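Participant: Sequence:
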Amino acid sequence: LSLQDVNVVSLHGRALSTLRAHLKKNTVLVLLTDKNSLPLAIAQECMQANFADTTLNVYEDLGHASERHQQFKANELVEQCQTSGSAPTFSPLHITIVSVKGEGGLYPEFPGIPDHLYQTGVAPGKGMITKREVRLMIATYIQPSKGDVIWDVGAGCGGVAVELGFWRDDIALYAIEYRAERLHFLKRNIEYFGIQNHCHIVEGRAPEALTALPLPNKVFIGGSDGELGCLLQNAWQKLPHGGLLIASAVLDRTQAELRDFACSLSLAEQDRIESVSLAVSRSTVKDAVFSSESKRPITVFKFQKLSNHSKKQAKQNLAWPKPSQYQNLEQKVK
Numbered sequence: 506l507s508l509q510d511v512n513v514v515s516l517h518g519r520a521l522s523t524l525r526a527h528l529k530k531n532t533v534l535v536l537l538t539d540k541n542s543l544p545l546a547i548a549q550e551c552m553q554a555n556f557a558d559t560t561l562n563v564y565e566d567l568g569h570a571s572e573r574h575q576q577f578k579a580n581e582l583v584e585q586c587q588t589s590g591s592a593p594t595f596s597p598l599h600i601t602i603v604s605v606k607g608e609g610g611l612y613p614e615f616p617g618i619p620d621h622l623y624q625t626g627v628a629p630g631k632g633m634i635t636k637r638e639v640r641l642m643i644a645t646y647i648q649p650s651k652g653d654v655i656w657d658v659g660a661g662c663g664g665v666a667v668e669l670g671f672w673r674d675d676i677a678l679y680a681i682e683y684r685a686e687r688l689h690f691l692k693r694n695i696e697y698f699g700i701q702n703h704c705h706i707v708e709g710r711a712p713e714a715l716t717a718l719p720l721p722n723k724v725f726i727g728g729s730d731g732e733l734g735c736l737l738q739n740a741w742q743k744l745p746h747g748g749l750l751i752a753s754a755v756l757d758r759t760q761a762e763l764r765d766f767a768c769s770l771s772l773a774e775q776d777r778i779e780s781v782s783l784a785v786s787r788s789t790v791k792d793a794v795f796s797s798e799s800k801r802p803i804t805v806f807k808f809q810k811l812s813n814h815s816k817k818q819a820k821q822n823l824a825w826p827k828p829s830q831y832q833n834l835e836q837k838v839k
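Sequential numbering from 506 applies to the sequence shown in this note's numbering.
If you're looking for bench data, these hints aren't it; they were derived computationally from the structure.
No experiment lies behind these values; they were computed from the predicted model shown.
Check before you lean on any hint, since a few could be wrong.
Computed Cβ-Cβ distance ranges for the label pairs, DEER-style [said to hold, decoys possible]:
#: 1; residue 1: A767; residue 2: H621; range: 31 to 37 Å
#: 2; residue 1: Q775; residue 2: P802; range: 21 to 27 Å
#: 3; residue 1: D558; residue 2: L720; range: 58 to 64 Å
#: 4; residue 1: S650; residue 2: T716; range: 21 to 27 Å
#: 5; residue 1: D558; residue 2: K631; range: 21 to 27 Å
#: 6; residue 1: C735; residue 2: E608; range: 45 to 51 Å
#: 7; residue 1: A717; residue 2: I778; range: 27 to 33 Å
The beta-carbon is built from N, C-alpha and C at its ideal position, and this holds for glycine as well.
Build out the structure end to end from the sequences listed, making use of the hints.
Facilitator: Below is the structure:
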C-alpha cells in the first residue's frame, strides 16, 4: 500500500466510535487498535454505518514466527459470530486494514451535516440545533485549524460543535450548555458522531461556567439567554491577539447588542468585522406540488482581536495623506 493512498487512524486508547468520522466510501484505513477495537467491533461499526461490503485484513505478530494474515468481509464476520456465539481470537499485537465498501449514507462525508441526523427529541431536523446553511457559514468564519481551542457557548443540542468536531479531531472543543433537555441530546449527538475524545461538554451557565476552562483562541456564541452583552465582553477579554469571536442573532434586540459591541471596538478592529444575514427557505415536493418553508432570518457576526501594534499599523495604513504630502507629490509629478 502507498502511504498517500491510505489514512492511518489510531484507535489505541480512544473510543471506537471515533472511527465513524473516517468511514467514507472507497477509502482504505490502516487502524492501530487495542482490546476495545478488535476486528469484530470494527466490523460492527462498518455494518452500523451501512458499509456491509467492507473488507478487513488483519495482520498479527508482523515479523515474528507466529505472523498471520486473515481476511474477512464485515457482514460475514458479524454473521459468523452471531451464528457461532463466539468471536475469533487475535494476537494482542495486530493491525487491521479496512477497505470501506458499501452504500454508506448514515454518516456525512463532507461538511454540511444534514439536520435530520441530529437527535433533538422532536421530529428529525427540528429542535434546538443551528440549521445546516447557518452552520456552514459559522464554520466558514471560524475556520478551525490544528491546535485550536474553541468554545461553543450555548451549544444547544450540538449543531455547531458536531459540525466542527466531526471534521477536525485535532482541535479541542468545549460545548457549554445548562438546560437539562438540551444537555441530554448534546451528549447523545457527540457520542453518535464519535467526537467525545476532543469535544468536551461543560454543564453550566455562561459566563460562570467559563472560568475554569482552558483559554480559547476562537469563541462562538450561539445562545446567550439574555446575557449576550456580558458574554461578548467576557470572551473578548479572554481571547489572544488574533483570536476570533463569532456570534449569531435572531432577535432584533440581540442584533442591536452585536452592533453596539462592534461600534465599541477600535477602528482597526471595526475594519476587520464581517457580518452576513441569512434567510433560508426550503422546499419539498409532494404529489408534484412544491411547498416552501421559510426559516427565521439569522445574522452572523465575526470579530477579530488585534494587538496594539496591529491596531497602530492599521491606523497608519488607513490615515489620509496630509496636505503637505499632496504638495510634495505634485512637485515630484511636475
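Participant: For the hint 45 to 51 Å, verify it against the beta carbon of C735 and that of E608.
Facilitator: 48 Å, holds
Participant: Just to be sure I understand the hint, the distance between the Cβ atoms of D558 and L720 should be within 58 to 64 Å; is that true here?
Facilitator: 46 Å, violated
Participant: Indicate whether the distance between the beta carbons of Q775 and P802 respects the range 21 to 27 Å.
Facilitator: 23 Å, holds
Participant: Could you check the hint for me, namely that S650 and T716 are 21 to 27 Å apart, CB to CB?
Facilitator: Hint holds: Cβ distance 26 Å, inside 21 to 27 Å.
Participant: Using the Cβ atoms, figure out if D558 sits within 21 to 27 Å of K631.
Facilitator: For D558 and K631 the Cβ distance comes to about 33 Å; the hint is violated.
Participant: Does the Cβ-Cβ separation between A767 and H621 fall within 31 to 37 Å?
Facilitator: Hint holds: Cβ distance 35 Å, inside 31 to 37 Å.
Participant: Could you say whether the range 27 to 33 Å given as a hint is met by the Cβ separation of A717 and I778?
Facilitator: Holds: the Cβ-Cβ distance is about 30 Å, inside 27 to 33 Å.
In this structure, the earlier hints numbered 3, 5 are contradicted, and the remaining ones agree with it.
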